[in-house]
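> Listed below are the residues making up each chain.
Protein chains: 2
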Amino acid sequence: MTAETHEPFLLTPGPLTTSATTKQAMLRDWGSRDAAFIQINRDVRNRLVELAGGGDAFTCVPVQGSGTFAVEAMIATFLPRDGKLLILINGAYGHRIAKICDYLGRDYVIYETTEDTPPDPSEVDSMLANDVSISHVAVIHCETTSGILNPVAEIAAVVARRQRRLLVDSMSAFGALEIDVAGLPCDALAASSNKCIEGAPGMGFVICHTDALVETKGNAHSLSLDLEDQWNAMEKNAQWRFTPPTHVVAAFHQALAEHADEGGIAGRGRRYRRNCEVLVSGMRALGFKPLLPDALQAPIIVTFHMPADPGFDFQIFYDRLAEKGYVIYPGKLTVADSFRIGCIGRLDEQVMRGALGAIGETLEEMGIRECGPAVA
Amino acid sequence: MTAETHEPFLLTPGPLTTSATTKQAMLRDWGSRDAAFIQINRDVRNRLVELAGGGDAFTCVPVQGSGTFAVEAMIATFLPRDGKLLILINGAYGHRIAKICDYLGRDYVIYETTEDTPPDPSEVDSMLANDVSISHVAVIHCETTSGILNPVAEIAAVVARRQRRLLVDSMSAFGALEIDVAGLPCDALAASSNKCIEGAPGMGFVICHTDALVETKGNAHSLSLDLEDQWNAMEKNAQWRFTPPTHVVAAFHQALAEHADEGGIAGRGRRYRRNCEVLVSGMRALGFKPLLPDALQAPIIVTFHMPADPGFDFQIFYDRLAEKGYVIYPGKLTVADSFRIGCIGRLDEQVMRGALGAIGETLEEMGIRECGPAVA
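If you read the protein sequences in the order shown, they are chains A and B. Read left to right, the first sequence gives residues 83 to 458 (this note's numbering). Read left to right, the second sequence gives residues 83 to 458 (this note's numbering).
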């Protein structure tokens with residue numbers, strides 16, 4: 083349990099453990115049209131463009147809802163109705179973009195690799211060469227399904243060379259892994275308040291190339307999710323079109339200040355990498371096997387093979403860890419029976435060691451001596 | 083300023099002033115798949131169906147985002163792609179439903195009255211008689227533009243007699259004005275966490291006739307806003323499909339408990355009616371003229387004509403009231419130059435008297451002696 087609140091630590095892909103001070107920023111009611119709240123919005127938007135390396139050419143458009151709302155808004159706003167999207171899939175979030183396109187009735191093709199395999203940039207290159215109707219490419223920065231880091235920069239270079247447009251879902255990576263939207267380049271990048279920035283859930287945002295955003299007028303299928311319309315309104319009066327989640331916005335503002343205090347992306351990434359190292363080496367010492375080789379592992383969430391031991395019941399393991407104050411996450415994989423442990427949120431290496439201690443203790447209680455998978 | 087927090091009182095249609103205890107419910111991080119959080123969701127959904135008079139035939143589907151997200155989700159899910167919607171418009175929120183239909187590409191007709199005139203049920207009756215292609219009717223319970231109470235029960239009776247389906251936007255009324263979704267009847271009713279229930283903004287919900295909801299499969303234009311898909315998932319595992327705004331949900335749970343403690347809709351409505359009476363009679367004493375006759379005035383938000391006195395500058399009036407701790411709201415009307423003062427949120431008649439005192443003082447400072455409109 084945390085010293086501050088005696089709540090369990092959330093070792094999940096979100097909602098995450100946030101700082102007490104971030105939550106305390108929600109103890110005030112803001113008028114959404116008040117000057118002080120408008121300044122908070124300006125600060126948040128400017129800071130996010132800065133973190134993304136957007137410079138003057140990019141703008142930030144916030145959107146109410148979860149990360150999926152932001153991704154749907156990005157796809158619907160940026161992919162023209164007569165466009166065609168190439169979706170790089172190696173997990174649930176790639177599949178979700180395909181599902182969004184099904185809803186939107188927009189044309190798409192997929193390039194799917196297994197959940198432990200990143201997309202091959204040269205394969206993307208030939209797909210773009212062979213299908214001139216593909217106008218846009220969508221890639222997941224860190225696919226939370228497995229925790230795999232996808233080669234966004236290499237993909238971006240191919241997409242730019244083939245003169246297509248790139249859309250990035252950086253939901254679980256933004257704020258912890260360096261990204262440079264202007265340098266990639268990309269037209270848009272979506273993320274949310276509640277991942278590596280460590281805010282409360284309830285809003286997402288899309289970092290948009292402003293010139294590209296201007297061209298998107300009329301693309302969106304939804305009033306609520308039309309980023310161009312939201313941006314236009316914000317340019318006029320700096321306000322959200324529809325009631326913003328004021329408390330969540332205030333918490334996000336505080337979380338961004340704490341992110342800066344930690345040294346921005348470099349500092350935040352350093353803590354998460356250390357969390358990940360401590361977790362992976364400790365789990366290996368207990369006999370668990372991570373799904374991914376270290377080179378493909380993003381320091382966000384780690385997938386472990388389920389132990390082959392027939393005495394290992396995941397639900398019991400999960401419940402006992404939760405009782406000890408550590409909430410982990412079930413797997414979502416097709417390639418392997420697995421579970422996941424997150425490295426993000428207001429957690430440090432002491433917490434990770436505490437989790438490892440609780441895992442060791444739980445294995446003892448369950449009488450599990452062998453934690454390796456069926457096929458190692 | 084409130085005794086609790088020294089924040090300004092929000093006399094607006096939302097975001098509103100909420101109780102300290104409601105905000106304090108956001109001081110904890112919940113895992114979205116945890117049993118305790120799932121129970122909170124169950125409680126919230128059950129309580130909302132109960133408040134709506136839904137009985138066993140109705141279910142509650144929550145949706146991330148602002149009230150507009152919930153309204154768009156309701157229209158998109160319940161209006162079939164080959165359906166046709168009759169929209170009763172007497173303000174901005176009626177127009178917004180038409181705009182949503184434009185985005186969705188769904189067929190609609192409007193019946194528009196001025197902002198101070200409720201729709202005439204007999205006119206709705208003849209429109210339904212004359213156009214058999216109209217499948218659904220949308221009505222705004224309390225149109226926040228003016229604060230007018232629309233005759234939802236009378237409209238519902240006509241719609242039922244003509245065997246069409248009714249969709250109700252009860253955003254600013256639900257929780258303070260009695261409504262009986264089963265008795266009306268209606269297929270769906272949309273509202274949000276941050277109006278008369280006095281929660282934090284960030285989620286809406288739709289009370290749905292379950293049999294009607296089952297028929298909507300495939301209607302929705304958006305993955306994020308598909309109520310049928312969200313409902314199906316919740317029936318299976320009681321969880322949100324995509325990350326819920328956990329802190330906002332926890333605050334809403336607390337706000338619902340406080341709503342019950344106040345005596346539910348009857349008690350909450352009583353306080354708001356008293357707020358409204360004190361406000362209107364005090365403003366009349368100061369010389370202001372409300373837009374609406376008392377019979378059409380919902381106890382939610384009151385529109386006042388702008389004083390004709392050329393010395394009255396609304397921005398100065400607004401700013402000075404804000405400095406004194408009372409945030410009011412500009413008008414949104416086409417029929418009259420006006421401003422609005424809300425009666426909802428964690429406010430009582432003492433607060434309304436305080437606001438009236440601040441208004442009188444501000445008029446003194448501004449040297450305004452005559453607050454009547456140009457044409458009384």
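Hints listed in this document are in silico derivations from the structure and should not be mistaken for laboratory results. Among the hints, a few may not be true.
Since copy identity is lost for identical chains, a pair holds within one copy or between any two.
In silico DSS-like links for lysine-lysine, alpha-carbon gap of 27 Å or less [as the list claims (entries may be wrong)]:
id, residue 1, residue 2
1, Lys166, Lys318
2, Lys299, Lys181
3, Lys166, Lys406
4, Lys371, Lys318
5, Lys299, Lys166
6, Lys414, Lys318
7, Lys414, Lys371
8, Lys371, Lys406
9, Lys406, Lys181
10, Lys181, Lys318
11, Lys371, Lys166
12, Lys299, Lys414
13, Lys371, Lys299
14, Lys181, Lys371
15, Lys406, Lys299
16, Lys181, Lys414
> The structure should be examined with respect to each hint, and the outcome stated for every one.
We went through each hint and held it up to the structure:
1. Neither within a single protomer nor between protomers do Lys166 and Lys318 lie at most 27 Å apart by alpha-carbon distance, with minima of 32 Å and 34 Å respectively.
2. Proximity of Lys299 and Lys181 under a CA criterion of 27 Å is satisfied in both settings, with 23 Å inside one chain copy and 15 Å between copies.
3. For the identical chains of this complex, Lys166 and Lys406 are neighbours neither inside a copy (49 Å) nor across copies (55 Å), given an alpha-carbon limit of 27 Å.
4. When the C-alpha separation of Lys371 and Lys318 is checked against a cutoff of 27 Å, the pair qualifies neither within a copy, at 54 Å, nor between copies, at 31 Å.
5. For the homomeric pair Lys299 and Lys166, the shortest alpha-carbon distances inside one copy (17 Å) and between copies (26 Å) are both at most 27 Å.
6. Only between protomers do Lys414 and Lys318 lie at most 27 Å apart by alpha-carbon distance; the minimum there is 17 Å, versus 43 Å within a single protomer.
7. For the identical chains of this complex, Lys414 and Lys371 are intra-copy neighbours only, at 17 Å inside a copy versus 61 Å across copies, given an alpha-carbon limit of 27 Å.
8. Proximity of Lys371 to Lys406 under the C-alpha cut-off of 27 Å is restricted to the intra-copy arrangement: shortest distance 23 Å within a copy versus 63 Å between copies.
9. Taking the closest pair of Cα atoms, Lys406 and Lys181 never come within 27 Å of each other, the shortest separation being 38 Å inside a single copy and 51 Å across copies.
10. Proximity of Lys181 to Lys318 under the C-alpha cut-off of 27 Å is restricted to the inter-copy arrangement: shortest distance 20 Å between copies versus 34 Å within a copy.
11. In this assembly of identical chains, Lys371 and Lys166 lie within 27 Å of each other by CA distance neither inside one copy nor across copies; the values are 39 Å within and 57 Å between.
12. For the identical chains of this complex, Lys299 and Lys414 are inter-copy neighbours only, at 25 Å across copies versus 36 Å inside a copy, given an alpha-carbon limit of 27 Å.
13. In this assembly of identical chains, the alpha carbons of Lys371 and Lys299 never lie at most 27 Å apart, being 49 Å within a copy and 42 Å across copies at closest.
14. For the identical chains of this complex, Lys181 and Lys371 are neighbours neither inside a copy (32 Å) nor across copies (53 Å), given an alpha-carbon limit of 27 Å.
15. Neither within a single protomer nor between protomers do Lys406 and Lys299 lie at most 27 Å apart by alpha-carbon distance, with minima of 52 Å and 42 Å respectively.
16. Taking the shortest Cα distances, Lys181 and Lys414 sit within 27 Å of each other inside one copy (17 Å), while across copies they are farther apart (38 Å).
Consistency note: the structure conflicts with the earlier hints numbered 1, 3, 4, 9, 11, 13, 14 and 15.
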